[in-house]
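Peer 1: So the chains spell out like this:
2 protein chains.
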Amino acid sequence: MPAVPKHRAPIVNAAVTLFRRQGYASTGLNDLVDASGAPKGSLYHYFPDGKASIAIAAVEEAGRRVAETMAKLARENRSTGDLLRAHARLLSGWMRNSGFRDGCPITTVLLELAPRDRGVSEAGRKAYAARLGVLRDKLVADGFSCSRAERLAVLCVSTLQGALIQSRVERTGAAIETAAAELAVLLEAAPLR
Amino acid sequence: MPAVPKHRAPIVNAAVTLFRRQGYASTGLNDLVDASGAPKGSLYHYFPDGKASIAIAAVEEAGRRVAETMAKLARENRSTGDLLRAHARLLSGWMRNSGFRDGCPITTVLLELAPRDRGVSEAGRKAYAARLGVLRDKLVADGFSCSRAERLAVLCVSTLQGALIQSRVERTGAAIETAAAELAVLLEAAPLR
Chain B
5 MPAVPKHRAP IVNAAVTLFR RQGYASTGLN DLVDASGAPK GSLYHYFPDG KASIAIAAVE
65 EAGRRVAETM AKLARENRST GDLLRAHARL LSGWMRNSGF RDGCPITTVL LELAPRDRGV
125 SEAGRKAYAA RLGVLRDKLV ADGFSCSRAE RLAVLCVSTL QGALIQSRVE RTGAAIETAA
185 AELAVLLEAA PLR
Chain S
5 MPAVPKHRAP IVNAAVTLFR RQGYASTGLN DLVDASGAPK GSLYHYFPDG KASIAIAAVE
65 EAGRRVAETM AKLARENRST GDLLRAHARL LSGWMRNSGF RDGCPITTVL LELAPRDRGV
125 SEAGRKAYAA RLGVLRDKLV ADGFSCSRAE RLAVLCVSTL QGALIQSRVE RTGAAIETAA
185 AELAVLLEAA PLR
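Chain order of the listed sequences is B and S.
The first sequence begins at 5 in our numbering and counts up one residue at a time.
The second sequence begins at 5 in our numbering and counts up one residue at a time.
Hints may contain errors.
As the list claims (entries may be wrong) - 25 Å max Cα-Cα, derived SDA-like pairs, lysine to any residue:
#1 Lys-130(S) with Tyr-50(B)
#2 Lys-55(B) with Glu-181(S)
#3 Lys-130(B) with Lys-44(B)
#4 Lys-130(B) with Ala-56(S)
#5 Lys-130(S) with Asp-106(B)
#6 Lys-55(S) with Arg-175(B)
#7 Lys-130(S) with Lys-55(B)
#8 Lys-55(S) with Glu-174(B)
#9 Lys-55(S) with Arg-105(B)
#10 Lys-130(B) with Ala-178(S)
#11 Lys-130(B) with Glu-80(S)
#12 Lys-55(B) with Glu-174(S)
#13 Lys-130(B) with Ser-96(S)
#14 Lys-55(B) with Leu-33(S)
#15 Lys-130(S) with Gln-26(B)
#16 Lys-130(S) with Arg-175(B)
#17 Lys-130(B) with Glu-65(B)
#18 Lys-130(S) with Pro-52(B)
#19 Lys-44(B) with Ser-30(S)
#20 Lys-130(B) with Leu-94(B)
#21 Lys-130(S) with Ala-178(B)
#22 Lys-130(B) with Arg-105(S)
#23 Lys-130(B) with Glu-181(S)
#24 Lys-55(S) with Ser-30(B)
#25 Lys-55(S) with Gln-26(B)
#26 Lys-130(B) with Glu-174(S)
#27 Lys-130(S) with Ala-185(B)
Unchecked claim - Only part of the chain S face toward chain B is listed, based on derived beta-carbon distances under 7 Å:
#28 Gly-27
#29 Thr-111
#30 Thr-112
#31 Leu-114
#32 Leu-115
#33 Glu-116
#34 Ser-125
#35 Gly-128
#36 Lys-130
#37 Tyr-132
#38 Leu-159
#39 Arg-172
#40 Val-173
Keep in mind the hints are simulated off the structure, nothing from the lab.
This structure is a prediction, so every number in the text was calculated from the model and none was measured.
Beta carbons: idealized from backbone N, C-alpha and C, even for Gly.
Make the full structure from the sequences, and use the hints.
Peer 2: Here it is, written out as C-alpha cells:
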C-alpha cells in the first residue's frame with residue numbers, strides 16, 4: 005500500500021520540533037514515527053535516503069517559517085528597531101511556553117551537521133538568505149544604504165540567534181529581549197550613511 | 005592500577021574538540037578514548053557518572069578558555085569596538101583553519117543538553133557570566149553606565165555566538181567579521197548614557 009501524501013508534512017513538522025529540542029543525533033526514526041503519527045512505511049517512502057534527507061527538509065521548513073514570521077513582522081512594524089523588539093517578544097514568549105526547550109529551529113541541526121553535510125549546509129544557506137533579505141529591505145526602508153543594510157542585516161540575525169542560546173541556558177527570555185532592545189536603540193541612534 | 009591524574013586534561017580537551025565539531029550525542033566514549041590517548045579506565049576513574057559529567061567538564065573548560073581569550077583581548081585593545089574586531093579576526097581565522105568545523109566550543113553541547121541537564125546548564129550559566137563580565141568592564145571603561153554596559157555585553161556576546169553559526173554554514177568568516185565590525189561602529193557612534 006503506497007503511503008499517502010498527507011503524511012509528509014507531519015513527519016517534517018515532528019523533525020523540526022524534535023531536532024530543535026533534543027538535537028538531530030539524539031532523535032531516532034522511531035521518535036519521528038511516534039511524534040508524527042505517520043506509519044513507518046511513509047517515512048521510507050518520502051525520505052528514502054533516511055534521516056539525513058529529513059534533516060534537509062526540516063531545515064527548509066523551519067527556514068520558511070522563520071522567514072514568514074519575519075516578513076509579517078516587517079509589514080506590521082514601522083522600523084527595523086520595532087521589528088527587532090516585536091520579534092524578541094515573540095521568541096521570548098515561545099521559549100517560555102516550551103519550558104525553554106525550543107530555540108531557533110535550525111541552529112542545533114546546523115551545528116551538528118554543517119559544514120560536512122552538503123545538503124543540510126545548502127538548506128541552511130537558503131534559510132539565512134531569506135531572513136537576511138527581509139531585514140535588509142526593512143533597513144533600506146529605514147534609510148540605510150543597500151550595502152550598509154546588507155551588513156547590518158547580518159548583525160541583526162546573529163544577535164537574535166545568539167541570544168536564543170543564552171536564554172535557553174538561563175531559562176529566561178531576558179537575554180533575547182535585552183539584546184534586541186539594545187540593538188534597536190543603537191540602530192535608531194546610528195547616522196544613516 | 006589507579007589512573008594517573010595526567011589523563012584528565014586530555015579527556016576534557018578531546019571532549020571540547022569533538023562536542024564542538026560533531027555534537028555531544030554523536031560522540032561516543034570510544035571516540036573520547038581514541039582522541040585523548042587516555043586509557044579507557046581513566047575515563048571511568050575521572051568521570052564515574054559517565055558522558056554527562058564529561059559534558060559539564062567540557063563546558064567549564066571551554067568557558068574558561070573563552071573568558072581567558074576575551075580578558076587578554078580586553079587588555080590588548082583600547083575599546084570594546086577594537087576588542088570585538090580583534091576577536092572576530094581571531095574566531096574567523098580559527099574557523100578557517102579548522103575547515104569551518106569549529107565554532108563556539110559550548111554552543112552545540114548547550115543546545116543539545118540545556119535546559120534539561122541541570123549540571124550542564126549551570127556550567128553554561130557560569131561560562132556566560134565570565135565572558136559577560138569581561139565585556140561589561142570594557143564597556144564601562146569606554147564610558148557607558150554600569151547598567152547600560154551590562155545590557156550591551158549581552159548584545160556583544162549574542163552577536164559573536166550567533167555569527168559563528170552562520171559562518172559555519174556558509175564556510176566563510178564573513179558573517180563573523182561583518183557582524184562584529186558593524187556592532188563596533190554602532191557602539192562607537194552611540195551616545196554614552
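Peer 1: Hint by hint, note whether the structure agrees.
Peer 2: Comparing the hints with the structure gives:
At roughly 44 Å between alpha-carbon atoms, Lys-130(S) and Tyr-50(B) are farther apart than 25 Å, so this suggested pair is violated. Distance hint between Lys-55(B) and Glu-181(S) is unfulfilled; the C-alpha atoms sit about 34 Å from each other, more than 25 Å. Distance check on the hinted pair: Lys-130(B) and Lys-44(B) sit about 29 Å apart at the alpha-carbon level, beyond 25 Å; violated. The suggested pairing of Lys-130(B) with Ala-56(S) is violated, with an alpha-carbon distance near 34 Å, which exceeds 25 Å.
Straight-line distance between C-alpha atoms of Lys-130(S) and Asp-106(B) comes to about 21 Å, which keeps the hinted pair within the 25 Å bound. Of the supplied pair hints, the one linking Lys-55(S) and Arg-175(B) holds, its CA atoms being roughly 23 Å apart against a limit of 25 Å. The hinted pair formed by Lys-130(S) and Lys-55(B) fails the criterion: a straight-line CA distance of about 35 Å is larger than 25 Å. As the CA atoms of Lys-55(S) and Glu-174(B) are separated by approximately 22 Å, the hinted pair is consistent with the 25 Å bound.
For the given pair, Lys-55(S) sits about 21 Å from Arg-105(B) by alpha-carbon distance, which is consistent with the 25 Å threshold. Of the supplied pair hints, the one linking Lys-130(B) and Ala-178(S) holds, its CA atoms being roughly 16 Å apart against a limit of 25 Å. Taking the CA atoms of Lys-130(B) and Glu-80(S), the gap is near 38 Å; set against the 25 Å cutoff, the hint is violated. A distance of roughly 22 Å separates the Cα atoms of Lys-55(B) and Glu-174(S); the hinted pair therefore holds under the 25 Å criterion.
For a cut-off of 25 Å, the pair hint linking Lys-130(B) to Ser-96(S) stands: about 21 Å separates their Cα positions. Proximity of Lys-55(B) to Leu-33(S) is assessed by CA-CA distance (about 23 Å); at most 25 Å being required, the pair is judged to hold. With a C-alpha separation of about 22 Å, the suggested pair Lys-130(S) and Gln-26(B) falls inside the 25 Å cut-off, and the hint holds. Restraint check for Lys-130(S) and Arg-175(B): the C-alpha separation of about 14 Å stays at or below 25 Å, so the hint holds.
Proposed proximity of Lys-130(B) and Glu-65(B) is supported: the alpha carbons are some 11 Å apart, at most 25 Å. Between Lys-130(S) and Pro-52(B) the alpha-carbon distance is near 43 Å, which puts this suggested pair outside the 25 Å criterion. Of the supplied pair hints, the one linking Lys-44(B) and Ser-30(S) holds, its CA atoms being roughly 24 Å apart against a limit of 25 Å. Straight-line distance between C-alpha atoms of Lys-130(B) and Leu-94(B) comes to about 23 Å, which keeps the hinted pair within the 25 Å bound.
Restraint check for Lys-130(S) and Ala-178(B): the C-alpha separation of about 16 Å stays at or below 25 Å, so the hint holds. In summary, the hint linking Lys-130(B) to Arg-105(S) is supported, as the alpha carbons are separated by about 19 Å, within the 25 Å threshold. Between the alpha carbons of Lys-130(B) and Glu-181(S) the distance comes to roughly 20 Å, so the proposed pair stays at or under 25 Å and holds. Straight-line distance between C-alpha atoms of Lys-55(S) and Ser-30(B) comes to about 14 Å, which keeps the hinted pair within the 25 Å bound.
For the hint pairing Lys-55(S) with Gln-26(B), the CA-to-CA distance comes to about 16 Å; that is within 25 Å, so the pair holds. Under the criterion of a C-alpha separation no larger than 25 Å, the hint pairing Lys-130(B) with Glu-174(S) is consistent with the structure, at around 10 Å. As the CA atoms of Lys-130(S) and Ala-185(B) are separated by approximately 24 Å, the hinted pair is consistent with the 25 Å bound. The closest approach between the C-beta of Gly-27(S) and any C-beta of chain B is roughly 4 Å, which is under the 7 Å cut-off, so the hint is satisfied.
Among the interface hints, the one on Thr-111(S) holds; its C-beta lies about 6 Å from the nearest C-beta in chain B, closer than the 7 Å criterion. Interface restraint check for Thr-112(S): the shortest CB-CB distance to chain B comes to about 4 Å, inside 7 Å, so the restraint holds. Annotation: interface hint on Leu-114(S) holds; nearest CB of chain B at approximately 6 Å, less than 7 Å. The interface hint given for Leu-115(S) is met, as the beta carbon of that residue sits about 4 Å from the closest beta carbon of chain B, less than 7 Å.
Evaluation of the Glu-116(S) hint against chain B yields a held restraint, the C-beta minimum of about 4 Å falling below 7 Å. The beta carbon of Ser-125(S) comes within 6 Å of a beta carbon in chain B, closer than 7 Å, and the hint placing it at the interface holds. Of the supplied interface hints, the one on Gly-128(S) holds, with its beta-carbon coming within about 4 Å of a beta-carbon of chain B, less than 7 Å. At about 10 Å, the closest approach between the beta carbon of Lys-130(S) and any beta carbon in chain B exceeds 7 Å, and the interface hint on this residue is violated.
Restraint check, Tyr-132(S) versus chain B: the minimum CB separation of about 6 Å is within 7 Å; hint holds. The beta carbon of Leu-159(S) comes within 4 Å of a beta carbon in chain B, closer than 7 Å, and the hint placing it at the interface holds. For the restraint placing Arg-172(S) at the interface with chain B, the shortest Cβ-Cβ distance is roughly 5 Å, inside the 7 Å limit, so the hint holds. Interface hint status for Val-173(S): upheld, as the beta-carbon distance to the closest one in chain B is roughly 4 Å, under 7 Å.
Comparing the model with each earlier hint shows violations of hints 1, 2, 3, 4, 7, 11, 18, 36; every other hint is respected.
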